[in-house]
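Chemist: Each chain, letter by letter, is given below.
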Amino acid sequence: MNPVDWFNSLSDWITSTVFFSVSVGGATLPIIVVWLVMAGLFFTVWLGFMQVRGPKLAINLVRGIYSKPDDAGEVTHFQALATAVSGTVGLGNIAGVAVAISLGGPGATFWMILAGLLGMATKMAECMLGVKYRHEHEDGSVSGGPMYYLKDGLAERGMGGLGKVLAVIFAVCMVGGAVGGGNMFQSNQATVQIINVTGGDDGFLAGAPWVVGLIFAALVGAVIIGGIKSIAKVTEKIVPFMAVLYLSACLIVIFANLGSLPSAIGQIFSGAFSPEGVAGGAIGALIIGFQRAAFSNEAGLGSASVAHSAVKTKEPATEGFVAMLEPFIDTVVICTMTALTIIITGAWNDPDAPEISGVSLTSRSFETVLPWFPTVLAIAVVLFAFSTMISWSYYGMKATGYLFGDSPVAENGFKVVFLIFTVIGSAAALGPVINFSDSMIFLMSIPNIIGLYLLAQVIRKEIHGYFERVQSGEVVPVNQQA
Amino acid sequence: MDTIIVGVDASDASTRAVEFAVDRAKHNHWQVVLVHVIPWSPFSFQTPEENATRHAAKEKELAAATEHIMKPAAELAEQGGVPHEEYVHHGRPSDTVLDLARNHQAVHIIIGRTGDSGLRAVFGSVASRLVQSSDVPVTVVP
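Listed in order, the protein sequences are those of chains D and E. With the working numbering applied, the first sequence corresponds to residues 1 to 482, in that order. With the working numbering applied, the second sequence corresponds to residues 1 to 142, in that order.
Quick caveat, the hints were computed from the structure, so don't treat them as lab data. Mixed in with the good hints, there may be bad ones.
[What the hints assert, rightly or not] Here are the simulated lysine to any residue pairs, SDA-like style, with alpha carbons at most 20 Å apart:
| hint | chain 1 | residue 1 | chain 2 | residue 2 |
| --- | --- | --- | --- | --- |
| 1 | D | Lys-229 | E | Glu-61 |
| 2 | E | Lys-26 | E | Glu-78 |
| 3 | D | Lys-415 | D | Gly-140 |
| 4 | E | Lys-60 | E | Gly-81 |
| 5 | D | Lys-461 | D | Val-45 |
| 6 | D | Lys-237 | E | Thr-53 |
| 7 | D | Lys-314 | D | Lys-415 |
| 8 | E | Lys-71 | E | Phe-20 |
| 9 | D | Lys-233 | E | Glu-61 |
| 10 | E | Lys-26 | E | Lys-58 |
| 11 | D | Lys-68 | E | Ser-41 |
| 12 | D | Lys-68 | E | Phe-43 |
| 13 | D | Lys-68 | E | Ile-38 |
| 14 | D | Lys-237 | E | Pro-42 |
| 15 | E | Lys-60 | D | Gly-140 |
| 16 | D | Lys-233 | E | Leu-76 |
| 17 | D | Lys-68 | E | Ala-74 |
| 18 | E | Lys-58 | D | Asp-139 |
| 19 | E | Lys-71 | E | Gly-81 |
| 20 | E | Lys-71 | E | Arg-16 |
| 21 | D | Lys-314 | D | Gly-465 |
| 22 | D | Lys-233 | E | Ala-56 |
| 23 | D | Lys-229 | E | Ala-57 |
| 24 | E | Lys-58 | D | Val-45 |
| 25 | D | Lys-314 | E | Phe-20 |
| 26 | D | Lys-237 | E | Phe-20 |
| 27 | E | Lys-58 | D | Gly-221 |
[To be verified] Pairwise CB distance ranges (calculated):
| hint | chain 1 | residue 1 | chain 2 | residue 2 | range |
| --- | --- | --- | --- | --- | --- |
| 28 | D | Lys-56 | E | His-27 | 48 to 56 Å |
| 29 | D | Gln-457 | E | Asp-95 | 40 to 48 Å |
| 30 | E | Glu-61 | D | Ser-270 | 25 to 33 Å |
| 31 | D | Asn-412 | E | Ser-125 | 50 to 58 Å |
| 32 | E | Ser-125 | D | Leu-370 | 33 to 41 Å |
| 33 | D | Gly-48 | E | Ser-125 | 43 to 51 Å |
| 34 | D | Phe-255 | E | Ser-44 | 28 to 36 Å |
| 35 | D | Ile-228 | E | Gln-132 | 37 to 45 Å |
| 36 | D | Lys-56 | E | Asp-95 | 48 to 56 Å |
| 37 | D | Ile-231 | E | Glu-67 | 24 to 32 Å |
| 38 | D | Asn-412 | E | Ala-56 | 15 to 23 Å |
Predicted model, so just to flag it, every value in this text is computed and none were measured. Every residue gets a Cβ at the ideal spot worked out from N, C-alpha and C, and that includes glycine.
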């Protein structure tokens, strides 16, 4: 058996295992989606509906009104959130939403929003733990994330052996997820959009998508191997403006079709409960919505916990509150805007919508109102993809570091493999390789969420303890301290 | 004894400001608080790697500023024989200087006209902000 066949059969096996599905009312329901939704529901109830009670505190924390003057120069809540959001907001918000609507109809949006709201609780739990159990190295740098809270958190509760095993499984999955969803999917869809705006099938890049992949790999490599931080810094500074530009463009398209807005919103609600032409009906729409939301906001996967853990705070719960805003920004705001744009322009109803799907469908929606926008979208998509790839290369490197005792050789080896897959991702169809990496991303949620359940007591104690101290006035904004 | 605040950076104008401040302080029996602010914003955008190494970077920045900027300024104050304190802080320079002035109930702020940026022709933006928002007199040294 040659290596490619071997890989294909491995991929098939992993995909069918991870996405093991049962049939519910004619729809296939992958158990892994139930797993993520259950975690969201559980932590929503367990933490006492913090999505409703906590946002004001979360925003105040981000504004820095609880930050001590001595913390100046350290990583702030705003910075940790911004870094995590730029890793999360990517092609999932632009292309993933289009996939959801072309498969699940407008109603998938409703379920996506609901999943985003539930995901806020899971994200809160995992990011609080990320800060609580992070490691401070001798050189003053910090590492955090599920590997550390699984190992140390469970050890504290007398389950050290299990914790170590889960931490290793998680780290292996995160390496796979980084290479796949955090890399190949991004470079694939960014390349598609670049080819779209450079003449499509007749353009000079049509036959050679790998050229785009090579350029991507060179730029990412310059940052992660060459240490040319200026490229990453410039990207980090442009991405927020691109996000604002993207949202403004969505609003322009929505305003241009303002008359259709009530009917678009109507379609989202009616489609959620009685969709037409969706395989599996309402359940089908629900599954697709939930799945794409999870892929986009990463709640329950544990990845964002790595980024959030760098914040400087003595209260891990504070970062839990702040992290809760992430699925809100990602899914409830950005994904919903994309969805409204696609629904209101009717692009999702085009006969060829299921075939073009992905970023091309989103691009077409914008084109109906702003003919020049696909080019801007291509730039935005490239930057979103780039910043997501930088973040995920870091997550993957940290996971590799965890597995190999922070060995520089292993970490550099990972970076090289990462770049090779950037090129493969640009040229590949969404075949077994992407299936494999999609699986790995969702697989991260198994060890992570087991850990969250086992540490649920710790999570509630920290979150409630801090929230009560704020409510009782024991914790007050710095400018009100005596 | 009244306190004055002196903004310090690596520029020549800053050295002249410190010399001027020490001279005034000697005559008026002032205490001199020397402050250097490392420009930093809590609302900047950073990569995950920058965040992970931020604490170590902060310590390094503080050590470098203390050694190369604050120490020479403190020596000038020492030679002048005036009581002095030193602060090195991260933040927005004008705001940090104003906060420090308020906390010390300073009677005067002294600062060099142009800062590190080296744009000689341009009136320093930190100096201009201080002049506009300070509650106490500000002397800008050319």
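Chemist: Could you run down the list of hints and mark each one as holding or not?
Modeler: Here is how each hint holds up against the structure:
no., hint, verdict
1, D/Lys-229 <-> E/Glu-61, "holds (18 Å)"
2, E/Lys-26 <-> E/Glu-78, "holds (11 Å)"
3, D/Lys-415 <-> D/Gly-140, "violated (23 Å)"
4, E/Lys-60 <-> E/Gly-81, "violated (30 Å)"
5, D/Lys-461 <-> D/Val-45, "holds (14 Å)"
6, D/Lys-237 <-> E/Thr-53, "holds (19 Å)"
7, D/Lys-314 <-> D/Lys-415, "violated (33 Å)"
8, E/Lys-71 <-> E/Phe-20, "holds (17 Å)"
9, D/Lys-233 <-> E/Glu-61, "holds (19 Å)"
10, E/Lys-26 <-> E/Lys-58, "violated (34 Å)"
11, D/Lys-68 <-> E/Ser-41, "holds (14 Å)"
12, D/Lys-68 <-> E/Phe-43, "holds (15 Å)"
13, D/Lys-68 <-> E/Ile-38, "holds (17 Å)"
14, D/Lys-237 <-> E/Pro-42, "holds (14 Å)"
15, E/Lys-60 <-> D/Gly-140, "holds (10 Å)"
16, D/Lys-233 <-> E/Leu-76, "violated (38 Å)"
17, D/Lys-68 <-> E/Ala-74, "violated (27 Å)"
18, E/Lys-58 <-> D/Asp-139, "holds (12 Å)"
19, E/Lys-71 <-> E/Gly-81, "holds (15 Å)"
20, E/Lys-71 <-> E/Arg-16, "holds (15 Å)"
21, D/Lys-314 <-> D/Gly-465, "holds (13 Å)"
22, D/Lys-233 <-> E/Ala-56, "holds (18 Å)"
23, D/Lys-229 <-> E/Ala-57, "holds (14 Å)"
24, E/Lys-58 <-> D/Val-45, "violated (40 Å)"
25, D/Lys-314 <-> E/Phe-20, "violated (42 Å)"
26, D/Lys-237 <-> E/Phe-20, "violated (40 Å)"
27, E/Lys-58 <-> D/Gly-221, "violated (27 Å)"
28, D/Lys-56 <-> E/His-27: 48 to 56 Å, "holds (53 Å)"
29, D/Gln-457 <-> E/Asp-95: 40 to 48 Å, "holds (42 Å)"
30, E/Glu-61 <-> D/Ser-270: 25 to 33 Å, "violated (57 Å)"
31, D/Asn-412 <-> E/Ser-125: 50 to 58 Å, "violated (42 Å)"
32, E/Ser-125 <-> D/Leu-370: 33 to 41 Å, "holds (38 Å)"
33, D/Gly-48 <-> E/Ser-125: 43 to 51 Å, "holds (48 Å)"
34, D/Phe-255 <-> E/Ser-44: 28 to 36 Å, "holds (32 Å)"
35, D/Ile-228 <-> E/Gln-132: 37 to 45 Å, "holds (39 Å)"
36, D/Lys-56 <-> E/Asp-95: 48 to 56 Å, "violated (25 Å)"
37, D/Ile-231 <-> E/Glu-67: 24 to 32 Å, "holds (31 Å)"
38, D/Asn-412 <-> E/Ala-56: 15 to 23 Å, "holds (21 Å)"
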